Each structure stands twice: as C-alpha cells, then as structure tokens.
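Engineer: Listed below are the residues making up each chain.
2 protein chains.
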Amino acid sequence: MNAPADLLVTNLGELVTCEPALGEGPLGVIKNGALAVAEGRVVWVGPASRLHREVVTCAEAREIDGGGRVGLPGFVDSHTHLIFAGSREHEYALRARGASYQEIAAAGGGILSTVKATRAASVDELVALARPRVRTLLEHGTTTTEVKSGYGLTTADELKMLAAAKRLGETQPVEVHANFCGAHEIPPEYTGRTDAYVDLVVDEMLPAVAERRLARYVDVFCEDGVFSVAQARRVLEAGARWGLRAKFHADEFVTLGGAELAAEVRALSADHLLRARPEGVARMKAVGVTATLLPGTAFFLGLPYAPARAFLETGARVALASDFNPGSSMGPNLQLVMTMAVSQMKMSPEEALLGVTLHGAHAMGLEEEIGSLRPGKRCDLLLADVPNWRYLSYYYGVNHVSRVIKRGRLVYER
Amino acid sequence: MNAPADLLVTNLGELVTCEPALGEGPLGVIKNGALAVAEGRVVWVGPASRLHREVVTCAEAREIDGGGRVGLPGFVDSHTHLIFAGSREHEYALRARGASYQEIAAAGGGILSTVKATRAASVDELVALARPRVRTLLEHGTTTTEVKSGYGLTTADELKMLAAAKRLGETQPVEVHANFCGAHEIPPEYTGRTDAYVDLVVDEMLPAVAERRLARYVDVFCEDGVFSVAQARRVLEAGARWGLRAKFHADEFVTLGGAELAAEVRALSADHLLRARPEGVARMKAVGVTATLLPGTAFFLGLPYAPARAFLETGARVALASDFNPGSSMGPNLQLVMTMAVSQMKMSPEEALLGVTLHGAHAMGLEEEIGSLRPGKRCDLLLADVPNWRYLSYYYGVNHVSRVIKRGRLVYER
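Protein chains in written order, with our numbering: chain F, 9 to 422; chain C, 9 to 422.
Keep in mind the hints are simulated off the structure, nothing from the lab. Be aware that a few hints might be false.
As the list makes no split between identical chains, a pair holds if one copy fits it or if it spans any two.
Cut-off 35 Å, straight-line C-alpha distance, at most; resulting in silico cross-link-like pairs (DSBU-like, lysine-lysine) [stated by the list, open to error]:
#, residue 1, residue 2
1, Lys174, Lys39
2, Lys124, Lys354
3, Lys174, Lys124
Here the structure is a predicted model, which means the values were calculated and not measured.
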C-alpha cells in the first residue's frame, strides 16, 4: 500500500511515461494525464480524469497545475566531463577545421591544457566553475548526470576532482554520480611509459578512490595512442575488484575492439562507438551492455556520426548523452542531442527520447530508480512548453523545459 | 554634431562592433568598451575609460551597466518563413530518414499541408501563431528579421500573409521586413500549368502586393520541378519593375544556375546554394550579391552542407540565416547557426558572427542602418552572458543573450 500522495501534478496535455505498458506507443504516452507522488516517488500515473477517484492524498498535499504542458521524465546525462578549469574556445575553430593534435597543442590547447589548469585549481574553485554549468544542465532538463574525473592525472588531483563532484552533488538539485577516469590520458610525466601510468591508476589511484567512496564507475579512454585494449582491460578489471562498474570510452576514433571489450568485462556502457563494429555492439547487446552515443561530439568536431541504425538493428539498447567537455563538445543541451539523433543518426523521435531518459538510466545502472515515470521510481519530472512530445526534438535549438521537479520537489521554474 | 546621448551602455567586457576600423581584428572588438546612444542611434563607441570625457549626455540620460558582459550587434535573420498555420512535427522523422516527397505527402505532410492550413487561417490567427515564434527569435538575439509569404499561393492568401507580417512588425519589438514569395510552390489548382501560375504571380499578385506596399523583397523558389531559371527570371524582373529587390531560393537541391541568375538580375541575395557552382558565386561576388547560407536546413534534413569555404574563397560576402520554417528547419537560434557554420562548414568564428550580423544586413539591403555598431547606425544591441565573444559559437545549444536593446530601447531582459 502506497503512502498517501503529498504532490499531485495535474492537467498534463501529455504525460510521457517512457513505459510502454502505461500508455500509448513505445513511450507510453497518456493523453490528458496526471501523476501522484509520495515522499519523492511516483505512486500513480494515469488519465487526469481518474486521479481523484484513484489516489488518496494527505491533507497537506500540494498540487502543480501542468497547464496543458507535456510531462516527461527528467533527462539522464550519462557521459560528461563538466568539472574542469581553464578554457579552450580558441582551439575550437582549429579543431573544427581539422587541425592536428600537434597543431592544437602548439597553440596552447588540447586536453593537457585542461589538465594543467585543473591541477592548479582547488576543490572550491572547481566547484565554483562547475556550478553554473550544472545549473545550465538543470535548466535544460537534466536531473541526473554522470561526471568524470580525468583532468587531474595524479592521485591527489584525481581525488580533488572527485571531491569536487561529490560537493557539487550535495549542493544543488542535479543528482551527480562520479566516474573515476584516471586513465583519461597519459600525463606528461609518464610520456612513453604508459604501462607505468596504468600501474599508478590500478595500484594507487583506484584504491584511494574506492576507499573514500568517491566514485560509482570506472572509465578508461581505450584508443589508439592512449590506452590499448589490454591496458583498458586491466583498469576495468581492477575497478571491478573495488566494486566500480565499467563505463568507458570505446572505439571513438579508431576501431580498436572497445565494444568487444565492453561485452567481455560486462560493462554498464560503452561510449562514443563512432568506429565500433556492429558485431561488437551485437556482443554488447547479448550481455546487456548499453551503447551510449554522443552525437554532440561528432557535430562539434565535424566528424561522421556513429552508425546508430546499425547498432539499433542488433537490438542493442542505445543511450544518448552530451559528452559536455571543453575540448570536443561544449554543449549541455540534451534536447538538441535528440534532434541530432533524429536528423543526423536517423533514430526515430521515440528512440531519441528513450535515449536521454530510460536508456541513459540503464547506462548508469539506475534504471530501477529513474529514467521513466513508473510507480515506485523517483519523481524526476519535467514540464515542457510544447504542444506534444514530438516538439522536443522537432523545434530545435531552444529550451522547451519550463519546470523541473527532482524527487518530488520543484527545483526550477521559469 | 550629434544630439546629446540619452543612453549609455557601460562596463562591457568586450564590445564587438563588427567594424574592423573601430577595434581589434575583423570584428572590431573593443575590450572594456562602452557605447552611447541618442534618439535610438549609436553616437559613440570606444573604451569605457574615455566615455565620460568624450560623450555629452542629456540630463535625463539612462545608463545600462553591462556587468562585464559582451555587447554585440543584434542578429539579422535574413531568411525565414515564420508565418504559417498547421504543424508538421509528424513528417520530421520521415524527412530526416530520407522519405520521398511523395511518401511525405501521402502521410499528410509537405509544404502543401502548410498551404492548406494557412489558407484556412485569418490574419488574426496567423499573427497569433507567429507571435510566440518571433518572441523566441527576440529572446535569442534576433532584432531584425525577414519574413516570407508563400504559403497562400492565391492573391488573397498571399496578401493575407503579408498583412500578417506587417501587423507582426507593428506589434512587437523585432523589426520585420516582408518578402513576397508567391512563387514558392505551384498550388494544386495549377498542377501542370506552371507558366499560368507565373502569369498570376506576375500579373495579379505582384501589382496587388506592390500597390499596398506590403513587401520590400521578391522571392522565388528556383528549383528543379518547381520554377525554372526562365520562370524565376520573369518573377524577379517583374518584381524589380515594382521596386522589389530580389532575394531568392537558388540551387538548393539541384545545380540549376540560380547563383548565375542572381548575378544577372543583381539580386540582393541568393539563398541556400547547397548545390551552387563556385563560379556562379564568383559572379555574384563580382556584382555584390550576398550568398546566404542556411546550415540549419542541411542539419535538420540530414543533407550535406553548402561549400562555404569555396564560396568564401571567391571573396563573396557570406550571410547566415535560420530558414525557420515548419518543414525543413524548425529552428530559430542564430547562435546555434553560428556553431553549425564553424563546426560543419569550416567558417571561422569571426566569419560566422559577421554572417548573422553585418552580412545578414547586406542580404536585406539594410547595411547602412543595422548589422554593426558604428556611429550613425541604429542601436540594436545584445548583451551576452559569456566571458568573450568566441563563446557565442563555442558554448552551443544554449541561449547566451540576456538583454536585447532595439533602437536604443531595452526590449528584453532575463
């Protein structure tokens, strides 16, 4: 028996549950819908006409009038690097025009410029820099986000980034889950000694992170010239021994076998996959690994997009995330990511919306808690000023979200 | 001698004048800048430190503190179809996946579905539908926009659309200039009789539009299967006799010679040009015709982008506009269009910003009035919440504009 509802959200032109069993079509849409919440969790969804007949409310229950808007689950951004110091707007044009890594580095840019600035920043500074970025996520509908470390690349600096992520999660409404990404790049001190750096990650960083419970996931940039499949396997397996789920960069620029590795280590998610083999993604599918695509990065860098349809044809679960980061995609708007998915990757609007909600939750191992509006899950709810859910990707480049409810609490309104 | 200033805008981290002579680089950037306005026109720009020494103010002068923000000219969107009735979100996924015109029409979509809905709407209804769209333009920094007719396709319905454009321009802050686009499509009543429809456009619609002074420009969709180069020439030359400047759809899907026609008729602008020959654009350049690119349409439809660099290499002036319309690009955000220009068309950030300001003004024949912040021009000014102007295209998918000043009047603030 549910607790009596303490929040009712009424008068929703459409309620998009993202649960086919609860409404029409693959998104489970309820026309003229309503939703009831108790103690931050959804306890009822259905047609508004049945709300007062079916739901018991407590005396002090609040009511939010949806005003005919569309209600949908809060977005889940399962891949971001939003904690960083420094700024890289000058290399943007260079990168987009295909400048080499060397040219960018010579111009003072590249990931190591972010590493340098991040190492020089304190936890307080990193939190202060990240706060407006997370606020922008919230305003655009993201209620849960993953945040990676990986711009520290020393034990102390990686711990510092993860401490900043923790503080960030505790001091504003967006739920933050940290991903330890010490193996994001080879720091200058270890040039030519990648295995020695992997030793440091595995033997020193991972235990330090795990003992402090500073991360939920472990990541590695498995890529030609960075970490090989064998090195990535070491990092991910060591992470598993410390209880961290694998969620990592695979087959972004070169076909290296990252998708196959993700299947082998039973990762939560393999991300990017621009160059993944569909057979590799089929193996991921067979063991339930989510394929996370980041079209904003291809857009920003002017690269070909991931072959989403080939992956979908394997039956794989495809999530979409922002990859929000200062070098390869300075964009946090998952509504626009949906438009990219439809316009550029030929996903259906339904697949795109599931990609930033339920499938994003799967990519973070949180599918029992968030990502859809099913009784029992947390009430992370967006109200969007659109005539119907299709406008979320169709009417693009603008922000349709006008209210954000996190765990049953109204945390943003405009 | 200027009138004493009645408005001062101070404390601008950067003032981007878009006039190289007035500051640094191709954008004429003034660090720590300020601007003075009298009777809606810029009378002075320069370093804030010299403002009070150099500018005479009237007693009741107002001051806006820029708070360190970036100031830049209001955006000029020189190509939109934002007046329409009906809704086409259902065909979006079909189009992006490459459905044929026939399949889309069979599913109830396509331009003729917009024509049907627009014919059924009154002027009041069209204005009411367009008003929130123009508001969204304003919020994203567009202070002047072109609006086309072309969903009526009868004399009465084209006049109705243009009357709606006029009313729209008179009842909200964004400056609206109408483009008569009766030759946008062949209406069903004229199927197989395109020349007869061109007769109607030339002999009946154009005089009716011109006598009522309802349009500043004349447009035609010069495209395979729609209007040939010869038919387009007839429309544009007839428009010229009525004093309407040519500004038209050229070489969008097929290389037809639209660019060459634009040069021949001395158009203000030829638009789209996805398939234009660089030699044709070179001819445009030689006679001062602006090349207007609409990357949002390529993005939305999943088509290859216009070869902007080849056009720029001819020395042509390249403007950027939104093409905001319900079928092929439901997106009004020129900040995002800049990002597309850089990431996808390899334009420099400077070229992109000029494309939506000064070059957009050229495409509308308004370069003496708007598009840059030069003393003598109207004060259409944006304040953007960014550390520097490069963030306008670099930090993408969000709206950086926080204040909009139109003709010296603060018309939007958030």
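Engineer: Indicate, hint by hint, whether the structure satisfies it.
Structural biologist: Now the hints, each set against the structure:
Taking CA atoms no more than 35 Å apart as the test, Lys174 paired with Lys39 passes in neither setting, with 39 Å inside one copy and 37 Å between copies. Taking the shortest alpha-carbon separations for Lys124 and Lys354, only the inter-copy value of 28 Å comes in at or below 35 Å, while the best intra-copy value is 39 Å. When the C-alpha separation of Lys174 and Lys124 is checked against a cutoff of 35 Å, the pair qualifies only within one copy, where the shortest distance is 22 Å, while the shortest distance between copies is 55 Å.
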